[in-house]
Amino acid sequence: MNFEFDETNRFVISINVSREKGTSKTPEEKIELNEFGVIGDAHAGSWHRQVSLLAQEDIDRFSLLDAEGRKFLPGEFAENITTKGIDFKKVAILDKLKIGEAELEISQIGKNCHGDGCSIFVEVGKCVMPKSGVFARVIKGGSIKKNDRIEYFPRLLKIKIITLSDRASKGEYEDKSGPAIINFLKEFFEDKRWHIKYDYCLIPDDKKLLEEELNKSVTENTDIIFTTGGTGIGPKDFTPDVVEKFADKIIPGVMENIRLKFYEKVPSSLLSRSIAAVKSETLIFALPGSVKAVKDYLSEITKILEHAILMLHGLGH
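First residue of the sequence shown: 41, per my numbering; consecutive thereafter.
Everything labelled a hint here was simulated from the structure, so no lab data went into it.
Think of the CB as a built atom: it goes at the ideal place given N, C-alpha and C, for glycine as much as any other residue.
Errors might be hidden in some of the hints.
Restraint ranges, calculated between C-beta atoms of paired labels, are given here [claimed, not checked]:
no., residue 1, residue 2, range
1, P292, D100, 47 to 57 Å
2, V306, G85, 19 to 29 Å
3, G150, L311, 36 to 46 Å
4, T259, S183, 33 to 43 Å
Can you build the whole structure from these sequences, using the hints too?
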């Protein structure tokens, strides 16, 4: 058995279908996908786990560890598509696959084991799918057959940091809050399955420039925008006003919770007008300007950040 992934040669080993949930799937010559998943498969429906995928390399590893020396076959773990050459441990949610005529979007990594509701678990006492399998929803329907090539398109999670400061933009002092956001997020995402791309800019306290940066970021399909600075009640504190006017939706609970959490230690927290919002499929968080406040706010925002990303894409409900 060869457990190495040959990422230059990605293809379908087997395509599999079952009429009932909780059972192994039977290999077929060809499957047809529509907007609900694999036609005739028990897991098809108007939900996010329409198609399941598992790598043959992971099945072989699992077989090697079996105490009885059993060699597990494609479809036994109830995956619709058994693959070769693609390491699903490197795949992230929202990545895309083109297989045969169909296009899929990764919608879930792994799953909870069904225990006694799973035929493999009942027989063997464990299963490879919860840790190594992935699920996808159909972006474009069509046929898939054995030996079809698999094209993999990683999706970047784009994060934009915008610092607003007249003095820092003039070089009178170094911006520390913007880099602090990047460093905090890098640590947060370090062990998570996303392909992150950071962008950073420093602008003066200027409404028009902020509007231009927000528009540019959304046009470039940025996923998350963090601004820092201009959230107080001073004469040049306009960031929340610009964001609120720009946004499609406001998310009041995020910042309300943060202000209430920190005001006993820092009473001036109640003077912050920080705001969380959505524009199209972009999350926007307007944070205060100090490094300490940035870290305090991010410590709370990151608790809901991934779920918010999924919700914007129709996942995670």
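Given a hinted range of 19 to 29 Å, is it respected by the beta-carbon distance of V306 and G85? Since V306 and G85 have Cβ atoms about 49 Å apart, the given range 19 to 29 Å is violated.
Indicate whether the distance between the beta carbons of T259 and S183 respects the range 33 to 43 Å. holds, 36 Å
Taking the CB of G150 and the CB of L311, does the distance hold inside 36 to 46 Å? Holds - the Cβ-Cβ distance for G150 and L311, about 44 Å, lies within 36 to 46 Å.
Does the beta carbon distance between P292 and D100 stay inside 47 to 57 Å, or does it fall outside? Since P292 and D100 have Cβ atoms about 51 Å apart, the given range 47 to 57 Å holds.
In terms of the numbered hints stated before, the structure departs from hint 2 and from no other.
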